[in-house]
Amino acid sequence: MAEGLGQVISWYICTVVACVFVAARLWIRVSKFGALTIEDAFIVLATGCLIGDLAIQQYMWNLGMADVGNASRQNFIHIMQMIVPGSVLYVSSLWAIKLSLVLFYKRLAARGSKLQIVYNVVLVLIAASWTMIFFDILFQCFPHDKRWSLDPDYQCDATSSNINYWLTILFNICSDVIIISLPITMVLKLQMKLKQKLGVMAIFALGFFVVIASIIRAYYSKRNETMLTCTVSMVETAVAIIATCLPPLRTVLLGHTSTNGTGSNYGRYELSSAGGNNRSRRAQQSHIATNIVGGTQTRGNDSEDELVKEAAGSVTSGSGSHGASSHSADKSGITVITTLQMHHGKGEEAARSARSDERYGNFA
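All the letters of the sequence shown, read from the start, carry residue numbers 381 to 744 under the working numbering.
Some hints here could point you the wrong way.
List time: in silico SDA-like cross-link candidates among lysine to any residue, alpha-carbon distance up to 20 Å [as the list claims (entries may be wrong)]: (1) Lys526 to Asp537; (2) Lys602 to Lys486; (3) Lys486 to Val498; (4) Lys526 to Phe456; (5) Lys526 to Val498; (6) Lys602 to Gly449; (7) Lys602 to Gln535.
The following label-pair restraints were derived from C-beta to C-beta distances [as the list claims (entries may be wrong)]: (8) Arg453 to Asn542: 25 to 31 Å; (9) Pro532 to Ala404: 49 to 55 Å; (10) Val504 to Gly428: 23 to 29 Å; (11) Ile389 to Trp546: 20 to 26 Å; (12) Leu503 to Asp525: 23 to 29 Å; (13) Tyr392 to Leu586: 19 to 25 Å; (14) Ile592 to Ile393: 15 to 21 Å; (15) Ala490 to Phe515: 47 to 53 Å; (16) Met512 to Ile595: 17 to 23 Å; (17) Gly428 to Pro532: 35 to 41 Å; (18) Ala490 to Tyr534: 37 to 43 Å; (19) Leu505 to Asn455: 36 to 42 Å; (20) Asn604 to Pro532: 17 to 23 Å; (21) Arg491 to Leu586: 24 to 30 Å.
I should point out that these hints are in silico values taken from the structure, not numbers from a laboratory. Every residue gets a Cβ at the ideal spot worked out from N, C-alpha and C, and that includes glycine.
Assemble the whole structure, with the sequences as input and the hints as a guide.
Here it is, written out as structure tokens:
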């Protein structure tokens, strides 16, 4: 068995699984909502970069990357030539995923809210950090033939390589932590069943696995263990794509968040006239219904648009639900509608009983 074959197989497994989740995401988008969004475009871009990275790593492995010390001079040059395009595809894939997630959260946040401003700032920072890393990859060792030069005076500067290393690691990990933390704070405020809330939080918390993978990759990259670095990179990117595809698949995984009502009968009173004859039995019944309605500016997106909303819903109480429903239709987010219906009030029963006793008192 060729050296590193098991890791190469894991590259393909990660890529295939990620592609399956992306295909499922796109199918749900098109079949349920009839259109794709810009977030889907970024996910497709990230998947394309992942596939391109797989092709580059396969090519490098064929040239002897698993044992680069024993590779021929020509193969070594070809391996070094793939470092720049491979690094660009890796960074572009991760940053496309970050953009997709932030755009998704921004679309769910209430218009004009502070979260909209926060996500706009995060989008700018993500775009700026990608641009900075992209140009650093291109020019931190330029001309590129310095990478395989045998001349000690014509080789890459070690300081520039360290700058690129720490720049990529810090921007990647810090942005991941920020992107993951923001929606979790909103989910904690959602009024939904504990099972659903834990499920939604688990979807977002899966992103912390990506952070761990980034740290592991940084460790192996620092030790110049190329095969392990490539393997962890594939796992990191694939898990990030899968985590991003889970919100649209929420309907399949957790089911629909429907409008639920709960009723309770309490304070039952039995009224009877003197003499033991049961002339009338009434009960005071109170029905309380609490409806939890989720949505965004675009209605009908049950699979993901109910996921993360500002917990700024309105609570309306009254004798009927019609007015409250009309009021909540103009609100985005979680709306709690409490309907209180009183059937056969106590005063009404007392009056009826008094009239009954006056009319039939002589026959009691």
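> Do the alpha carbons of Lys602 and Gln535 lie within 20 Å of each other, as the hint requires?
Replying inline: holds, 18 Å
> Between Arg491 and Leu586, does the C-beta distance stay in 24 to 30 Å?
Replying inline: Hint holds: Cβ distance 28 Å, inside 24 to 30 Å.
> Is 25 to 31 Å a correct range for the gap between the Cβ atoms of Arg453 and Asn542?
Replying inline: With a Cβ separation near 27 Å, Arg453 and Asn542 satisfy 25 to 31 Å, so the hint holds.
>> Does Asp537 sit within 20 Å of Lys526, going by the straight-line distance between their CA atoms?
In response: Roughly 9 Å between the alpha carbons, so the hint for Lys526 and Asp537 holds.
>> Would the hint linking Lys486 and Val498 be met if the CA-CA limit is 20 Å?
In response: Holds, at about 9 Å.
> Honestly, do Ile389 and Trp546 meet the 20 to 26 Å range at C-beta?
Replying inline: violated, 32 Å
>> Does Lys486 sit within 20 Å of Lys602, going by the straight-line distance between their CA atoms?
In response: violated, 36 Å
> Taking 20 Å as the top limit, are the C-alpha atoms of Lys602 and Gly449 close enough?
Replying inline: holds, 17 Å
> Does the hinted range 47 to 53 Å hold for Ala490 and Phe515 at CB?
Replying inline: 36 Å Cβ-Cβ, so the 47 to 53 Å window is violated.
>> Range first: 49 to 55 Å. Now tell me if the beta carbons of Pro532 and Ala404 are that far apart.
In response: About 53 Å separates the Cβ atoms of Pro532 and Ala404, which means 49 to 55 Å holds.
> Okay, Ile592 versus Ile393 on CB: inside 15 to 21 Å?
Replying inline: Holds: the Cβ-Cβ distance is about 19 Å, inside 15 to 21 Å.
>> Holds or violated: the 17 to 23 Å window for the beta-carbon distance between Asn604 and Pro532?
In response: For Asn604 and Pro532 the Cβ distance comes to about 18 Å; the hint holds.
This entry does not satisfy hints 2, 5, 11, 12, 15 and 18, going by the numbered hints stated previously.
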